[in-house]
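Colleague: Here's the letter readout for the chains.
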Amino acid sequence: MNYKMMGKFISRILLVEAVFMVPALLISVFNKETKSVVGFVLGIVIILALAGILMLLCGNSPRGFYAREGLVCVGMSWIVMSLLGCLPFIISGEIPNFMDALFETVSGFTTTGATVMSAIEEMPYGILYWRSFTHWLGGMGVLVFVLAISSAGDSKSGYTMHLLRAESPGPKVGKLVPKMKTTAEILYVIYLVLTVLNIMFLLAGGMPVFDAVCTAFGTAGTGGFGIKNDSIAGYSPYIQNVCTVFMLLFGVNFSCYYMLLIRQFKSVWKDEELRFYLGAVLVSIFVIACNIRGLYGTIEETVRHAAFQVASIVTTTGFATTDFDLWPALSKMVLLALMLVGASAGSTGGGFKFARLLLILKSIRRNVRQVLQPQKVQVVRVNGQPVDEKILENTNAYLAIYMIIIVVSCILIAIDGFSITTNISAVIACFNNVGPGFEAVGATCNFAGFGAFSKLVLIIDMLAGRLEIFPIIILFSGAAWRHK
Amino acid sequence: MKIIIAGDGKVGSTLAKQLSAEGYDLTLIDAKSKVLEASEERYDVMAVQGNCATMEVLDNAKVRETDLLIAVTNADEVNLLCCLLAHGMNPKIHTIARVRNPEYTKQVYEMRGLFGISMMINPEGSAALEIERLIKYPGFLKRDTFAKGRVEIVELRIESGSKLCNLALNDLEGVIKCNILVCAVLRDGKAIAPNGFFTLKENDRIFVTASPQNLTILLKNLGIITHRAKLVIICGGGRVSYYLAKALTNSGISVKIIESSKDRCVEIAALLPKADVIYGDASSEFVLESEGIAKCDALVTLTGVDEMNTMISLYGHSCGVPQIITKIARIENSTLLNSLPIGSIISPKALCSNAIVRYVRALRNHTGAARAIHYIADGQAEAIEFYVDENTMHCGEPLKQLHIKKNVLVASITSGFRQTIIPNGDSFFEKGNTVLIVTSAKQVIYSLNDIFE
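For the record, the sequence lines run as chains R and P.
Under our numbering, the first residue of the first sequence is numbered 1, with each subsequent residue one higher.
Under our numbering, the first residue of the second sequence is numbered 1001, with each subsequent residue one higher.
For the record, the hints were derived by calculation from the structure and aren't laboratory data.
Any given hint might turn out to be false.
Incomplete in silico selection of chain R near chain P, CB under 8 Å [as the list claims (entries may be wrong)]:
#1 M180
#2 P386
#3 D388
#4 I391
Backbone N, C-alpha and C define an ideal beta-carbon position, used for all residues, glycine too.
Okay, chain R solo, but in the shape it has when bound (with noise of 0.2 Å):
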């Protein structure tokens, strides 16, 4: 194990960290919110003095890192983070629970949404802003960012490559250009201007400039958290629709976005995790505004409302502009079975993918096959390409523990006695990073009734979910610390 490199690793997400917590502090300071900036300056002057230590103890790191130090790498990384980036969420006193600021913070670094608070206006905007934050830069990764902005030094040897790995969901992941820096380049230059397309599309709609900013996050990062008790409800229909469409485009698999920008557009058209990302948005909002008309007032209304919740949904984003837990039986399942799925591979949204789910239907179609032709070789394609078939058996290894993650932690959590569908949708919710499930998790409500213990569960499934469960789950295996 290279405790050293990782150290090293560690260390600089941390002044990353740090730096992007300055904004926030200028915030605090502009709107005169003396506990947020004591919270803000203290966090930093802490995050500054562990990365001052990390960097001096593991100054000269000796090479040799690979995949075992990658996946404990991210894993470390993402709980460090979330460890000092709750500090100023307790210092200012806005949470002063530890559980809940950690809570809070991990569900907007995994771009969740699910929050312990019920008050949410009240805040200060330094804290919002930091909340919202958090959202955009675990959307697309902070150790992608690093490697994006590391010197060229660092990212000769391929070891980088299993920590983009780690960070960014999808069954196969793989560089879009032959540099590793070139690739997390191109994706933060392509997630960058898609926010501020976005912000700019909700400043034209008219609503203030904190507010499309910290929205813009929020759907950037496929988060949810919102600044308003009642999400994006309050807001013009425009926005709603805005939102709608920002949020669809951003859990769509960014490599599609490259390939507009070489030209190879008849690639992109003839995607077929696009097609069915999109196929099955399109079915859902048809069945659910079959399911609710009548309950709003007009048909433009009832499509809206729909689609946005659709769109909220599947790309687990989390925003809310209506009540879905009011909804009939037949849209709440609609909802929760997009919840299981998640967006696509290689978006900033999470859940179990449409990519893995396209594996999972079409080895199911040739195992079908086979008990009609055994003898007949088959080869399942994807894009018109053959899939490895180690490809197909670590996706249907992921699905069965995907499975027992869920069981398991909807045991765990029954202890705070609430209903199984409650358990069952704030477990989904959290494991798949959407944020609000039904019942007492719905949209109108938060998570503030679990209990610590319930809590620690649901975060550790919130860090699980964004990282794909095995950088997490190698923490507690004991072959990953063994020295050899």
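Chain R is fixed; fit chain P onto it per the hints.
Modeller: The following block gives chain P in isolation, referenced to the frame of chain R:
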């Protein structure tokens, strides 16, 4: 610069390591996804799986935007076809093909013109050439030539009882009575850039710059006998042996090849009428002794198994063979080998990838580019030859006034009048000179101006 490497074998991955460290955009093509995965994890490269001699795969690797294609799969025909296709799809591309079959290498010049192949490289051929040079000029472990043969860097091992043992470098000139420069010392596997107070010890390997005349004086004064080799024993009858035996017999040196396969013996005996081909197991002491290992002037072990080569060379050393050359394929394991008395180590694959890296660097920067690059001290240091042109800074200023980077040494300055000087603080270079720089391999020096702070 964008580079495609077709074939992710030993040479391919060595190149990937070297070139990705220098910051090029690399794409690897191979038919096996296993090896590609391994390379992708170790180096910062992109991998494309498939047959590199198909247009589809080349297209996937974005050959149309690539500056250089290096085809180093194990099949000559695939390499050539790959280069031809790439050149057809992108006429501006430079292509390098590894071609081993002598029938193809013969037509290298024609193929260059017809199909735009920029360079053909034959690892076994260049290894044979290297061994031949070592045999013809014994006494050195390794020998690299610069400035059209006017400067050489040679590697020497300090034996116990040598005049150089326990000698400080400041006193060097008094002992050997000629002007040489020790530019690097390899002690316990670590390269050291020595200063004047550095004391040489037994078993150090030193890298010396000098003109060829001074080298002869050096050998004479050190008491290293340079007599011409008359009988060379080659163990193993592979391709390198063939090229080597052919070259040696042509210059009048007797050659014995010991090969353990009867069919191959017949084959090479037919190809090499002047060489003695012995059918026998070269790893058996009896065979070696009966073929006169005690009396031969040089022993070259070229079997396909590294371990066997090492064993035979060790045995040769115990019999007192004056010069031993050992072929090692897996050069990455050479740390241990350097402590063994097995003479010079030759690796055809490392030679091949070094030659390609040299080409790539020259391609990168046409003006002020390095003319030749050689790796010395187990690849921990490199010697680079530059031409001083109008863009070079600090022409005519004495070296002691220049701020030159740490671990960079100006090893020699050759002017147009066939004069090579080993520089001191008062020396300077001028336009038209050729300068030899020795630097640690971690520093990447692309042009002469890079050596200044």
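Colleague: Hint numbers the structure violates, sorted upward?
Modeller: 2 and 4
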